[in-house]
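Participant: Residues per chain, in single letters:
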Amino acid sequence: MRSLVFLEHYHGALEKGGLGVLGKAASLGDALGVVLGEDAASVAASAGAFGAARVYACEAPELASPLPQPRVDALATLVEQVSPDVVLFAASVLSADVASALAARLDAGLNWDLTDLSVRDGELVGTRPALGDTVIADVAWTGGPKLGMVRAGSFDPVESGGNAEIETFETSFSDHSTLATLVEQSQEESSGPSIEDADIIVAGGRGLGSPDGFTMIEELAAALGGAVGATRAVVDAGWYPYSTQVGQTGKTVSPRLYIACGISGAIQHKVGMQGSGTIVAINKDPNAPIFDFCDIGVVGDLHQIVPKLTELVRSRG
Amino acid sequence: MKIAVCVKQVPDATVHKRIDPATKRLDRSGEATLNPTDLNAVEEALRIKEAQGGEVVLVSLGPEKAVDSLRKALAMGADRAVLVTDEAAVGSDLLGSTRALAGALEREAADLVLFGQSSGDGDGAVLWAAVAERLRRPVISQVASLSAEGGTVTGKRQTEHGYDVISAPLPAIVAVSDAINEPRYPSLKGIMGAKTKPQETLSLSDVGVDPGDAGEAGAKTVVLGLGPPPSRGDQVRIEDDGSAAQKVLELVVERKLL
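Sequence order for the protein chains is A and B.
Numbering-wise (my numbering), the first sequence opens with residue 1 and increments by one.
Numbering-wise (my numbering), the second sequence opens with residue 1001 and increments by one.
Heads up, some of the hints might be wrong.
[What the hints assert, rightly or not] Quick list of in silico lysine-lysine cross-link-like pairs, BS3-like style, CA-CA up to 27 Å: (1) A:K284 / B:K1247; (2) B:K1247 / A:K308; (3) B:K1065 / B:K1195; (4) B:K1256 / A:K308; (5) B:K1002 / B:K1156; (6) A:K16 / B:K1156; (7) B:K1197 / B:K1002.
If you are wondering where the hints come from, they were derived from the structure by calculation, not from laboratory data.
Generate the whole structure from the sequences, applying the supplied hints.
Facilitator: What follows is the structure, given as structure tokens:
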């Protein structure tokens, strides 16, 4: 099986989501990568260490901005040249649009939100949680190429130390693909480590009672060397910035340790953090849904427990 | 400006959703409602119409009973509704659904097509880009603030790294985020008026789609089987008696997380 993996890059480095998918693809057969945009060829080289036998690169100026439609043209061109059995994406704002439009362009099946991939009787099978992860479906494709989009954080990049051959390619662009233009780009201002890369996240929800409650969340996060996360409810209420939102409409995170404080565990939050290694939940409501999927559940008053935990962590030095 | 809003009927949040083991499809027999994030798209369309004049048309694909849900958006202020409903469309995947929607949208030839953020049943957020590809129009997704004037649409959206502002000439496809606005509640007058607003029902052939290209026949993805989610393993439950913080720390250290 030959897979082509769409690798996104930012500030000269390949994103870890795509590299994780690349490693998985390499474990299932031949893994090829594709990098598009500015400096694609030089950025592409690092993919060899994560399992790519060959990486295709296209640097056309139309691919400079992070817009999906020119990428559809480039991928369609490459798919025709290379004829991969499978084209894989790590879910992101950009890749969701690329994958969907590519499916329409190629008349190819797209399965999304996949949390695992395997080969059964020579055919690719995807694992797809559905209905708020209460059901796990095994999904497959008819015809080809098979397009798959993997849920964020499903596969960690595996450094294998190989070298990739880099091959550049040219593409033409459809008229409608270059109509949208990037007018302005601003980087997110955030203090502390970005929540998507954090090893430890302390997150707060409505149970904090007020915006001031985030002070103790920040203190615990600082003591642990972690980042602060927030639920949709408190972001909507203006208690904490949108950039820290974990969930279906925010970030998907998978830290080693996730401490949820005053968070009920609504599905829309759960999908953003269930990939975490160990989930600690502190909530005064013993019936909160979060107690169904946490590892360590504490029923009690977070206003007592969180500051005490911060003290204990600090005193460990 | 003519604005088409793609909306979908989904099972109500209070319904315990299940997948029919025989068809491996979502059981849509229970109480249903308009997909909540579609209301943001309807609201945004109404705001543009109120500022600039024009028409707001709802476009949907679904079972016949979906007209009940469309009525809610008509009550909010949309002018009319178009529902593509066809036995042959049942079981459509992304390819079939977007063919049907694109066919209906082609007939409407709207200046702006709006989508909501994601559907409450498929958990997907992918339709619009495929529709844009079929219609050969520019697309901007996840838009948290929008302006559409002078033949141009501009949207600001949050990405993994910050905020992008993207512009495109009309006609264009835009998917809005649910942070964009607070959908209005229908007024009593709106609810009464909705009953008499035009509601059109179309078949696949009406929108130029061969039945073989939709439904299960046109699908290129398949569900092989369904199972329960894996258990997270042994859970530890602590009732706080003043020592919970100490216990949590011990457990976390024991698991080598610190």
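Participant: Please go over all the hints and tell whether each is borne out by the structure.
Facilitator: How the hints compare with the structure:
no.	hint	verdict
1	A:K284 / B:K1247	17 Å, holds
2	B:K1247 / A:K308	11 Å, holds
3	B:K1065 / B:K1195	15 Å, holds
4	B:K1256 / A:K308	20 Å, holds
5	B:K1002 / B:K1156	21 Å, holds
6	A:K16 / B:K1156	25 Å, holds
7	B:K1197 / B:K1002	17 Å, holds
The structure is consistent with each of the numbered hints, conforming to all of them.
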